[in-house]
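Novice: Sequence:
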Amino acid sequence: MGRWLVLGGTRFLSRAVAAAAVERGHEVVCAARGESGPPPEGSRLVKIDRDAEDGLAPLRGEQFDAVVDVAFISYRWVREALDELAEKAGHWTFVSTMSVYTDLSRRGGGVDEPVREPRYTDPTDPEDFGAYGQIKVASEQAVMETIGDRAMVARPGLVCGPGDEADRFGYWPARFARGGRAVVPDAPDQPCQIIDVRDLAEWIVVAGEKGITGTFDTCGPPTTLGTVLDEIATAVGAPDLERVPVSPEELSAAGIMPWQGPRSLPLWLPDSLLGVVDRDTGPARAAGLNCRPIAETALAALEHERALGTDRERQAGLTAEEEAELLAGR
Numbered sequence: 518m519g520r521w522l523v524l525g526g527t528r529f530l531s532r533a534v535a536a537a538a539v540e541r542g543h544e545v546v547c548a549a550r551g552e553s554g555p556p557p558e559g560s561r562l563v564k565i566d567r568d569a570e571d572g573l574a575p576l577r578g579e580q581f582d583a584v585v586d587v588a589f590i591s592y593r594w595v596r597e598a599l600d601e602l603a604e605k606a607g608h609w610t611f612v613s614t615m616s617v618y619t620d621l622s623r624r625g626g627g628v629d630e631p632v633r634e635p636r637y638t639d640p641t642d643p644e645d646f647g648a649y650g651q652i653k654v655a656s657e658q659a660v661m662e663t664i665g666d667r668a669m670v671a672r673p674g675l676v677c678g679p680g681d682e683a684d685r686f687g688y689w690p691a692r693f694a695r696g697g698r699a700v701v702p703d704a705p706d707q708p709c710q711i712i713d714v715r716d717l718a719e720w721i722v723v724a725g726e727k728g729i730t731g732t733f734d735t736c737g738p739p740t741t742l743g744t745v746l747d748e749i750a751t752a753v754g755a756p757d758l759e760r761v762p763v764s765p766e767e768l769s770a771a772g773i774m775p776w777q778g779p780r781s782l783p784l785w786l787p788d789s790l791l792g793v794v795d796r797d798t799g800p801a802r803a804a805g806l807n808c809r810p811i812a813e814t815a816l817a818a819l820e821h822e823r824a825l826g827t828d829r830e831r832q833a834g835l836t837a838e839e840e841a842e843l844l845a846g847r
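The numbering of the sequence shown is the working numbering, which starts it at 518 and goes up by one.
There may be inaccurate statements among the hints.
Claimed, not checked - Label pairs and their calculated CB-CB ranges: (1) Asn807 <-> Asp629: 20 to 30 angstroms; (2) Ser789 <-> Arg550: 30 to 40 angstroms; (3) Ala771 <-> Gly578: 29 to 39 angstroms; (4) Ala683 <-> Arg550: 33 to 43 angstroms; (5) Glu604 <-> Arg528: 24 to 34 angstroms.
It is worth saying that the hints were derived from the structure and are not from the lab. Glycine included, C-beta positions come from ideal geometry on N, C-alpha and C.
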């Protein structure tokens, strides 16, 4: 089989990619600082620091059949990896984001939609997520210009499942498993798309093996928020679970944010962002992307939530006290 390099390989998606490549019989090198956890069993860790000058030096002289880069918010990281490794790699996958698109309200769009202006400088404020999509655009362009017909760009939406640190999808299995009266957005017909991290990782590896190139929106099949919550509740909901719908207007008036962050209800989105969860994924499916049932993802997410501690301070969702405030008088 092939020799693979995963830039990262110690957390969430990059770790899942490394694990999938090992499972499929490849020799896998994970290049990371090694501070986020161990790489998957069967892979080899090479310690690098992409923030340091000449931080990729430990990889110098290496040759790889495939490279996967999930660089989060640094154009410099992507550029330096290309400069160091492009001529020593066969296939190259860059993991981008739905946030590259200019109009995130447009539903049913595909990869031919207009994208944001590229940004080449990294933000000085690590919380400046407004730069995220622009830096990904610049990074995509660099990959395609440098690697050309050996490159694939994957643009995921909401990736969830075991290892997720964003707490968005995982909030719902954890909350429904606790039971009792649970606030849910009264927006059952809102579009919704999720993808299990294991499915995305498996497809990235298979695409590398097959030499698939081009740009793809990589989301799960289109469905609705109501269906997603129904399937989660069926899979993991406690016997006494009672879902209490609250209108988007009431949620907003109470200071409840959509999508993510403290005091939020994840997966619920304003109209201005519905294009994030309503993409044309036909090309990716035609290229072999397969997605498991939502119930299976919910079960794995709940196991991960319990390992982290369901009473921890969360990155997204409502605290028990915030939910009780909303439920008072209902």
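Novice: Work down the list of hints and note, for each, if the structure agrees.
Specialist: Here is what the structure says about each hint:
Under the hint 20 to 30 angstroms, the C-beta atoms of Asn807 and Asp629, about 24 angstroms apart, fit the expected range. Between Ser789 and Arg550 the C-beta distance comes to about 37 angstroms, which sits within the given range of 30 to 40 angstroms. Look at Ala771 against Gly578: about 58 angstroms separates their beta carbons, and that is not inside 29 to 39 angstroms. At about 21 angstroms, the CB distance of Ala683 to Arg550 disagrees with the hint of 33 to 43 angstroms.
Evaluation of the 24 to 34 angstroms hint for Glu604 and Arg528 yields a pass: the beta carbon distance comes to about 28 angstroms.
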